[in-house]
Amino acid sequence: MTDTGKWNFVDHFGADPQGLVDAAALLQHAVTTICDAGGGTLVIPPGRYRMHSTGTVVPDSGNLTVIAHGAHIFRSDTSTIDTLWGGGFSHDGYNGASDISIYGGLWDGGAGNPRPLDMFAFCSAENILYADLVVENIPDWHAIEFHGIRNGTARNCVFRRFKATTPTRFFSEAIEVQEAPDGTHSSGIVVDGCTADGYGALVGTHTATFPGRFHDGLRVVNNRITNAKNYAVRAHNWRHAVIANNIVEDCNSGIQVQVDPAAQYRSWFWSQTEDIIIAHNVLTHTGLEQQPGQGPRYATIGVYGMADTPMENVVVTGNIIRDWASSNGIALQYVHEGVVTGNVVKYSQGGDGTAILFASCSGGTATGNNVRYAGSGVVGAEVSAGNRISLR
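In the working numbering, the protein residues as written are 1 to 392.
Misleading hints may appear alongside valid ones.
Simulated restraints, written as ranges between beta carbons of each label pair [what the hints assert, rightly or not]:
1. Thr165 with Gly351: 33 to 43 Å
2. Asp11 with Gly342: 54 to 64 Å
3. Asp132 with Ser376: 38 to 48 Å
4. Gly193 with Gly70: 17 to 27 Å
5. Ser360 with Ser53: 53 to 63 Å
6. Ser53 with Gly351: 32 to 42 Å
7. Ala111 with Asn227: 30 to 40 Å
No wet-lab data here; the hints were simulated from the structure.
None of these values were measured; they are calculated from a predicted model.
Even for Gly, the Cβ is constructed at its ideal location relative to N, Cα and C.
Turn these sequences into a full structure, and let the hints steer you where they fit.
Written as structure tokens, this is what we have:
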């Protein structure tokens with residue numbers, strides 16, 4: 001170890017920067033050595049590093065920074081590794097490997113490897129940061145998993161070349177937000193300034209197994225999402241969340257916020273399913289061409305509670321939806337006191353979609369929206385004023 005607390009993957013641990021020799025065991029040795037010494041920084045210098053034999057598990061002590069600018073870390077095409085980086089899988093609460101930051105690098109799942117892979121999967125932990133990464137060639141699973149993570153951030157990352165080798169995995173998110181095996185939810189998750197192309201979604205939750213558990217305080221902001229096969233953002237069982245300033249282009253659909261039926265209680269629920277802001281997103285060309293396994297969706301921006309578990313305090317404001325093929329541009333269903341204001345909803349395919357729909361809602365307000373070339377304008381709002389509607 002040097003005086004600066006930095007270890008070099010090549011100089012200190014003998015990794016091959018040409019990518020000819022398996023460096024997986026050396027990576028595990030490097031991470032274990034640094035964490036056992038009380039933490040520090042592993043520098044992976046520019047070069048190619050082949051991962052074949054084993055994934056890397058970060059010890060519970062954590063406190064690890066990885067700097068990999070200019071490095072290409074790749075899983076070999078014949079490797080059976082299914083998680084390249086992980087830790088904390090058997091812990092309760094947020095007691096797993098924590099205080100981990102990974103900066104830079106091209107992280108490659110293997111262009112010719114069809115086996116499912118999670119590139120980064122930390123669980124039951126806190127203070128996990130990814131910044132300035134490029135992750136590519138992920139088959140079926142995810143680039144990043146936040147499972148029961150408190151204070152997790154992905155900033156200025158690029159996710160590309162997703163491979164659904166199993167046709168039913170078209171929905172896989174680049175960043176998955178889930179609860180841990182003991183039911184611990186994720187909180188304080190931030191996805192900021194990232195780009196994703198060709199995944200099921202940039203970020204989302206696709207299962208929920210613990211009734212009454214919610215992912216809390218999420219922010220999905222300033223991202224660009226293209227060619228998503230499912231939703232650009234899929235927010236199941238999120239609360240106190242902001243989805244804002246994202247650009248969504250050529251995706252199967254846009255933004256979905258939903259109470260997962262598998263995780264509902266049958267009573268006393270409103271106070272947990274509340275406070276969602278969807279603001280200033282630009283969504284263009286959504287659902288115009290059918291994606292694998294999917295047709296056009298019910299809504300380009302959809303917020304869905306349930307009859308006995310409605311959502312509360314939802315604001316959809318300042319969004320632009322243009323060229324869309326869903327049944328509705330914006331739809332709120334079983335939402336109490338939803339506000340839809342200042343949105344531009346234009347050019348439904350064939351001119352036959354409803355621009356703004358309130359279904360089974362109470363206290364719904366639609367004001368100051370601009371609707372053009374849709375089958376109908378604003379439907380079901382209890383208060384509707386100042387909307388400019390030109391259906392043809």
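Do the hints match the structure? See the list:
1. Here the CB-CB span from Thr165 to Gly351 is close to 39 Å, well matched to the stated 33 to 43 Å.
2. The supplied range of 54 to 64 Å is met by Asp11 and Gly342, whose beta-carbon atoms lie about 56 Å from each other.
3. Take Asp132 and Ser376: their Cβ atoms lie about 45 Å apart, and the range 38 to 48 Å holds.
4. Remark: the range hint 17 to 27 Å for Gly193 to Gly70 is upheld by a beta-carbon distance near 20 Å.
5. A beta carbon spacing of about 55 Å between Ser360 and Ser53 agrees with the range 53 to 63 Å that was offered as a hint.
6. Taking 32 to 42 Å as the suggested C-beta distance range, the pair Ser53 and Gly351 does not conform, at roughly 58 Å.
7. Checked against the hint of 30 to 40 Å, the C-beta distance between Ala111 and Asn227 comes to roughly 18 Å, which is inconsistent with it.
Of the numbered hints listed earlier, those contradicted by the structure are 6, 7.
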